[in-house]
Every structure is written in C-alpha cells, then in structure tokens.
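Enquirer: Could you put together the complete structure from these sequences and hints?
Chains G and D, in that order, are what the protein sequence lines are. First residue of the first sequence? That's -2 in the numbering used here, and the numbers climb one at a time after it. First residue of the second sequence? That's -2 in the numbering used here, and the numbers climb one at a time after it.
Derived from the structure by calculation, the hints contain no laboratory data. Note that the coordinates shown come from a computational prediction; the quantities given were computed from them, not determined experimentally. Don't take every hint at face value.
Quick look at which bits of chain G chain D covers, simulated, 3 or more residues with Cβ under 8 Å [as the list claims (entries may be wrong)]:
1) 303 to 310
2) 342 to 352
Quick list of in silico lysine to aspartate or glutamate cross-link-like pairs, EDC-like style, CA-CA up to 16 Å [claimed, not checked]:
3) 363(G) - 397(D)
4) 393(D) - 312(G)
5) 346(D) - 117(G)
6) 393(G) - 390(D)
7) 393(G) - 313(D)
8) 83(D) - 332(G)
9) 393(G) - 312(D)
Some chain D residues flagged as far from chain G (calculated, every beta-carbon gap over 10 Å) [unchecked claim]:
10) 250
11) 358
12) 370
Glycine included, each C-beta is placed from N, C-alpha and C at the ideal position.
2 protein chains.
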Amino acid sequence: MRIIENGTITSVAGFKAGAVNCRIKDTDKNDLGLIVGDQKSVCAGVFTQNMVRSKTIDISRKNIENNDIKAIIVNSGNANACVGQKGYDDALTMTKLVAKELNIKKEEVVVASTGVIGQELPIEKIENGIKEVVKNLKEDGGEEVVKAIMTTDLIAKNIAVEIKLEDGKKVKIAGIAKGSGMIHPNMATMLGFITTDMNIKKEVLQDLLRETTNKTFNMISVDRDTSTNDMVIVLANGMVESEKVENSNSLDYEMFKRGLYYVMEYLAKSIARDGEGATKLIEVEVENATTFEDAKKVGKSVINSPLVKTAIYGEDANWGRIIAAVGYSGALVSEPEIDIFVGDIQVCKNGIGILESEAEINEMLKLDEIKIKIDLKLGVEKAKVWGCDLTYDYIKINADYRS
Amino acid sequence: MRIIENGTITSVAGFKAGAVNCRIKDTDKNDLGLIVGDQKSVCAGVFTQNMVRSKTIDISRKNIENNDIKAIIVNSGNANACVGQKGYDDALTMTKLVAKELNIKKEEVVVASTGVIGQELPIEKIENGIKEVVKNLKEDGGEEVVKAIMTTDLIAKNIAVEIKLEDGKKVKIAGIAKGSGMIHPNMATMLGFITTDMNIKKEVLQDLLRETTNKTFNMISVDRDTSTNDMVIVLANGMVESEKVENSNSLDYEMFKRGLYYVMEYLAKSIARDGEGATKLIEVEVENATTFEDAKKVGKSVINSPLVKTAIYGEDANWGRIIAAVGYSGALVSEPEIDIFVGDIQVCKNGIGILESEAEINEMLKLDEIKIKIDLKLGVEKAKVWGCDLTYDYIKINADYRS
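Expert: See below:
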C-alpha cells in the first residue's frame, strides 16, 4: 500500500469536485461542495443513529439503497435539522437541482448538510450556488470540497492510498471528512466521503463499510455528543478494469479492506486530533477484555472522562482518574488485575499505583499524541479508541459558537 | 415541615461531631472529621457501584449490614483507593482506633475517605488525628465536619428540617454532603451523612434511603465521572420516643419520607450547584416519557452534554444541542412530538424551533438557575435531574488538581 502525497478524493480517476460560497453564513469561506463521478458508482453508506436527525439522512439512505450514485451535494453552515417538513422539502430540492444541472436522476444524488441545528436552509442561495458549482467542477477539486465542509475544524482532512490487486492492477482509495465538535459517532459520523475506482459488489462494499466504521469512526469521541447529521459514504466507480469483487473470500477483498481501513482510521484519527480546542490526540488501547463490547466500553469510558481529558491537557499523570473510569465503564473488570500504561511507562500494576519516576512520565506527557494502554487480564478481546484533551478552547468555541 | 436555620447534623439531639487537621495534605484546613452518637443508631447506607472502589466501601457496607452504628470517621485529601491490601488494612485500622478511643466495637464504626486516588494513606498522621478529634467532639460540631470533608467544594453543604409525627412529636432530619467533581453517582454519591432522631426499623430505613437516593443523589451529574468512594449514610438514633416505624404503611412513614427527600434533594442540588467551576445550576425535567428509565436517560443525556453545558455557560439559547442530546439518549423518542422549554419560554414545538424573542430568552439565561423542560408527549412518566454548566474553571481546576 502506498500513501499518495497530497491525495484527496479527486486523486481517484473518474471523480471531479468543486465548491462555491453561496453565503449560507456570512463569511468569505466556501460553503457548498459537489462531488461528481464521470460514471455511476456502486455506493455504500452509514448514517447517524440519533433518533433526532436531519432529513438529508433519510433521503440519502433511500437513494443509496435503491440506486447507483452519480453525485454528492453537501453544504456547511446549516444542518437542515429540526425544521419540520421544510427540511425534507429543501433536501429533496437540493437533489432535484443537482440532477437537473447534471442531467441525471434525483435519486442518483446523495445530499448532506452540516452546521447549526434548527434553522431553515436559505434554499434560494443554495439554488444559485448549485448552478454555479456545477460550472466549477475540477479534476483536482477534492481539496476545495473538504475546505467547504469545515465548520469548527481547523485542519482539512484528506487522504488517498493506492493498493495493488492480485492481477497487478492498481486501485486508489481516497477520503475526506469533517468533524470537530458534537463528535461521538454511533454507527457513522460527521461527514466522510470516500472515493475509489475499485470494482466491487454493492452488498460486499456495504458490509465492509459497516465493519470498518465500527473499528474506526465509531471509535472516536470528542465530546460524547452524537450529531443529527452524521454520514459516511463510499463511492466505488469500478473503473480499475479488474475482476469485480463479489464476496469477501479473495485476496483482492483483503487488500481493498486494508486500504479502506487505513483511509478510514486516518480520517477518524484526524477528526479526534482536530477535536474542538484539542491540543493532544489520545489513543486508548484496551487489551484482554472478555468481549469486544467490554473492551470498547472501557476505552470509551476513559476517552470520554472529562477528568482524564483535563489531566492530559494539564500534562498530569493522574492515573487514578483512568482506573476510576475503567471501574464505572459498565464492563466486567477486576480491580486486582488491572494494569495501566501511559506511553510505554507502567503506572498501575494489579490495580495499584507503581509510578516511580514522575519526571520521566511528565516528559512523555508533553508529546502531542498520548497513548494509554489498559490491560484487563480477563479475556482475549481488544479495542482501540481515539479522542482528545479537554481544554479552555473547547469552552471558548462552544460557549459562543452560534452567536 | 420546618427548615431549621443554620441546621446541620448536630442539630439532631444525640449527635456530636468534631474535626481536626492531621495534615494529610499540607494545608491549614481540617481534614479529619468524626460524628458520634450518644447511643447506637439504626443505620442505612448506599455505596458506589464503580467496580474499582475504595476498601472503605467494603468495610462500611459490612459494618452497616451487621451492626447498629455509633460513629462515622471520615478523612479528606486521600481517597484510600487503588493501593492494594494496605488500603484495606488502613481503613480497618481507622475503625479500630476510633473504637478504642470511644470504647465501642470496631464494627460499630463507618469509615469514609475522599481525595486523590492511588496514594497510600499516611496512617500515622491519622492515628494521631483520631486521638485528637475524640477530645474535640462538640454538641454543635456538624459544621466543622462538613468543612473538613470538602475538597474542591466551594460551599459547605448543610441542611436540617423538622417534621411533626401523628402523635405530635417532632423529629429532626439533618444532612451534610461533599462533592464537586467526579460526580455522576450511580446509586449513592460522593459523601453524604444524614442524622435523625426518628424511630424506624432498619430495613424500612434502608429501602427508603435507596428509593430516595434514586430520585435525588442519583439524579445529579457534574462530569459523568462516577467516583470510587461514594457513600450516603443515614443514622437514626430513635431518640424521638415515638412509636417505631415498622413498615411503609403509616402517616409517620410518609412524613419522614417527605423530610428525608427534602434533605437529600437539597444536598444533591447543592452538589450540582457547586460543581467544579460551575456558575449555574441546571435542572432538566423530562415529562411524558414511556418509562421512568427513558425519562432519566433523556434528562441525563441533556444534563451531561458538554455542548448544552457550554451553551448555558455562554448564555446562548442553542436548543438544537438540547434536541440532539434528546435524540441520542437511547430513550424512545419521536422527533415530531418533542417540545422544549427553557425557563418558561417554549423554544421548540413538535420538533421544530419556534423561538420568537431572542432578547427575552437571553435575559432569562442570565439567571443562576436554569430550568429546561422537555415534553416527549409519548407516555406519562417523568424524571428530574440536576447538573451545572461547563466552564473555563472546570478545566483550570482539573488540569492541575493533583499537582
């Protein structure tokens, strides 16, 4: 597998993209992005499980289920959520306008929105924006789209890799994502768009997306807040001209899976690292739990603990807060078995603190990636989760985000 | 029911208390408190359900199960948790020392600790402290104890009420509590000590304590972090010389229940209001859920959302964050039914924003108690939870609490 330098979704043959500013919010930043395939793509998607959700979720899910997909239209600045019937009408209008401009069916369009909840979409502005953005599609427009969907994100999240199939053909897998706050994905997350020229059956792609989402996007958390608008979409245009992957029993499937996992983990970690106000990426690896679910519970409990998050921000090896979060996670744990490592320094053995050198660990806590390993010594299952520290800037950003 | 002015646990006849500074941490503040009954009390207790817990929990639970109780010894500055066998030995030593000084059995002593997790207790200092505090017991020493158990608390939490029984006799119920961070009780919470001269059967008292805890202490959350050391203890010395309450079918039981509920809700709300860094008390009332559990889930989801907490801190009526938290709560909700009120202003009707006057709501958000009401319009169950806003000071306190 090769990482493509400065790669983004348009690094994959057969995809164009572009963005414009249609002034949904009054800034100089683009806020409407369009991704278009030269041909239709097999498409898989995962969506928020929040019971309160944007109507974009319902329309996009239905379109993906029943159709191959030609285009994705996405706006930032307004989530088009909690506005009643108008939300559905506006989302549908967006698919119709894109379909009209591109001369395709509206059911071949995925629609996504991100931004403030509970305000009606300025649909006239978006109507004009769509006409404009269609004229603005570029062979290398992926970077423009990722910038257009950023809200409180500070970093544009782009990645592209190339894998080699058994027959020697090369396949590209590329992705973009946005997300910084209201991040606690439950199935999908924020917005993630992935392109590939892989030739793969729709059902196989859908299963693989779900499986990989559960190990990547669903393993991150910034603030335990699951958004109303999360979605991750994969478009596979099949342009590689290699034999189609029809099931999960082939080397090509495994190669593709590895590439997709890499892209998705990269994007998920990028979101955690760029969590609102974050100064550090935190990785919690839980080993030897009795079930995967328990390993995940422990990891999520630690990564979400405000006390752990503030201790890491304060560069304080306060492992007592880590073990407390292990204990209340709801997972089966045995206090006299628990080992905890911060970086490669063991701080707790058999439930008891053994930290010898504060100086050594304090030096390590200055890094901008902190790894915490928790060995439960009960079973054989493991899980890895990602999050970030909790800082003054999280408060600053969220105490007046809307205003 | 009458609120006793400046009431505390020693407002109840037959209880003395006192505190000393034995320098567990190097401050000028008292850190060891003792509560002693003139006679033995029927005792009920609820304890943390964190699977990682202080050995004080195990010893106190066992003592309460098998004995009437004469004394409670409690220290701050050190949680006596996650230190292995020494933790058990030290907690047992504390009960032995108190028993020796008071000439009672060690099984008649409840022991509690609060403070940093994972550091061994300086047991020699405590040994000297116990000898000293026994000489320092006072008829009005309750206020001294509540101050001695404060850690990051800013406000001493005291309350006493008087109820009248059917026969005209008056019973007092008084309580103290500590807690400010690592507050997300799961059954009991932080430390709460309640005294009363009620004459009540142990089993009836235990059931009532559990029931009332579930509606009061278990309904608050500062930071979702369940402590390793939570406990709430009620001592009922029976000195009222009224007929003993043997079951829950009497007016006296109901009067006592009302008083106990008042004391416990007061203490629980005091803890939420004094949450680390908090500037506002937030109350979330959820109405018309299909089950009590669902009402609680929705309330806890909203009260724990960092995005809601920061919006309240920022005095911003960002109700979109409230409805998002309702949606991901895990409870059964129907978006087109949800009504949300902030104070007495409706901001969302049938899942759609209807906020008309931003000025009016912004004025209301300046108050230091914010009430949020969520009407799910699905069933008939309700729940009320309390929490606080998330502020710069929470970060400040917790980024360097230990150091």
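Enquirer: Against each hint, give a clear statement of whether it holds in the structure.
Expert: The hints, checked one at a time:
Coverage of the segment 303 to 310 of chain G by chain D holds. Counting CB-CB distances below 8 Å, 5 residues qualify, and the rule asks for three or more. Only residues whose C-beta sits within less than 8 Å of a C-beta in chain D count toward coverage, and the segment 342 to 352 of chain G has 5 of them, enough to reach three; the restraint holds. Simply put, residue 363(G) and residue 397(D) have alpha-carbon atoms about 14 Å apart, close enough for the 16 Å limit, and the pair holds. With a CA separation close to 12 Å, the supplied pair residue 393(D) and residue 312(G) stays within the 16 Å bound.
Restraint check for residue 346(D) and residue 117(G): the C-alpha separation of about 15 Å stays at or below 16 Å, so the hint holds. Proposed proximity of residue 393(G) and residue 390(D) is supported: the alpha carbons are some 12 Å apart, at most 16 Å. This hinted pair checks out: residue 393(G) and residue 313(D) have alpha carbons roughly 13 Å apart, not beyond 16 Å. With a C-alpha separation of about 14 Å, the suggested pairing of residue 83(D) with residue 332(G) holds against the 16 Å cut-off.
Among the hinted pairs, residue 393(G) with residue 312(D) is consistent with the structure: their alpha-carbon atoms are about 12 Å apart, no more than 16 Å. Consistency note on residue 250(D): stated as away from chain G, and its beta-carbon is indeed over 10 Å from all of that chain's, at 33 Å minimum. Remark: the non-interface label on residue 358(D) is consistent with the geometry, its nearest Cβ contact in chain G lying 12 Å away (cut-off 10 Å). Residue 370(D), annotated as away from the interface, keeps every beta carbon of chain G farther than 10 Å; the closest lies near 17 Å.
When the structure is compared with the earlier hints, no violation turns up for any of them.
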